[in-house]
Amino acid sequence: NAGVTQTPKFQVLKTGQSMTLQCAQDMNHNSMYWYRQDPGMGLRLIYYSASEGTTDKGEVPNGYNVSRLNKREFSLRLESAAPSQTSVYFCASSPTLRGNEQFFGPGTRLTVL
Amino acid sequence: DQQVKQNSPSLSVQEGRISILNCDYTNSMFDYFLWYKKYPAEGPTFLISISSIKDKNEDGRFTVFLNKSAKHLSLHIVPSQPGDSAVYFCAARAPGTYKYIFGTGTRLKVLA
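If you read the protein sequences in the order shown, they are chains P and F. Every number in my numbering is 46 more than the matching position in the first sequence, counting from 1. Every number in my numbering is 1225 more than the matching position in the second sequence, counting from 1.
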């Protein structure tokens, strides 16, 4: 039982490049989330998926797209990376959308040059 | 504007003593609060929660207190252990939503 896994762990991109961050959970959770964490700030919600087949914007969705591929997997795509997207990205899941506890993955550290 | 504030970026405590981490919020309608612990290079892990209808919740060495009139919650760790050294985040949920607003975190260092 791996919980929430994220790939890659680290990534360096040049401005304008695209990439997809992968997230998978094996806890049979319905809801999944993408957050970013920047220095001096708390975690901010980018996108979430209440259940398979649905996605919605969070606080800071600009510059990102998501796909809920199936119940297990929720990917985050940067179509044209910008230096402002340099951050640590965390994926999380919870049994329900209003679940009181979210389980987090280990994070992806992304640097955009 | 930061709706959830952790005004102390860092805290050092001697092993065996009490650690008190504080969190203030601005929205009186927040109905559920969480504390997470985060080690370097790992994701946050859930510690303890409290509903707005309660003023205290305990789980082993961890106790969370909620003062609704002051819009303040605190996490007490007794006794503190070196393994408790981590960054602690509080988070608050607006009623009728799924969204948690996170504070900026407090780095706790427990000295042996």
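To be clear, the hints were calculated from the coordinates, so they are not data collected in a lab. Mixed in with the good hints there might be a few duds.
Claimed, not checked - BS3-like cross-link-like pairs, simulated, lysine-lysine; straight-line CA separation at most 30 Å: (1) F:Lys-1293 <-> F:Lys-1324; (2) F:Lys-1296 <-> P:Lys-55; (3) P:Lys-103 <-> F:Lys-1324; (4) P:Lys-103 <-> F:Lys-1334; (5) F:Lys-1230 <-> F:Lys-1262; (6) P:Lys-117 <-> F:Lys-1263; (7) F:Lys-1262 <-> F:Lys-1334; (8) F:Lys-1263 <-> F:Lys-1281; (9) F:Lys-1230 <-> P:Lys-103.
Said to hold, decoys possible - Simulated DEER-style distance windows between Cβ atoms: (10) F:Tyr-1264 <-> P:Thr-157: 13 to 23 Å; (11) F:Ile-1278 <-> P:Thr-142: 41 to 51 Å; (12) P:Ser-130 <-> F:Asn-1252: 32 to 42 Å; (13) P:Leu-115 <-> F:Ser-1233: 39 to 49 Å; (14) F:Arg-1332 <-> P:Thr-132: 36 to 46 Å; (15) F:Gly-1241 <-> P:Gly-99: 24 to 34 Å; (16) F:Arg-1286 <-> P:Ser-97: 30 to 40 Å; (17) F:Phe-1271 <-> P:Lys-117: 28 to 38 Å.
Stated by the list, open to error - Computed footprint of chain P on chain F; a stretch qualifies when at least three of its residues, placed anywhere within it, have a C-beta under 8 Å from a C-beta of chain P: (18) 1268 to 1282; (19) 1290 to 1301.
Quick reminder that beta carbons are idealized off the backbone N, C-alpha and C, glycines included.
Worksheet entry | Earlier hints that do not hold, by number | 2, 4, 11, 12, 14, 15, 17, 19
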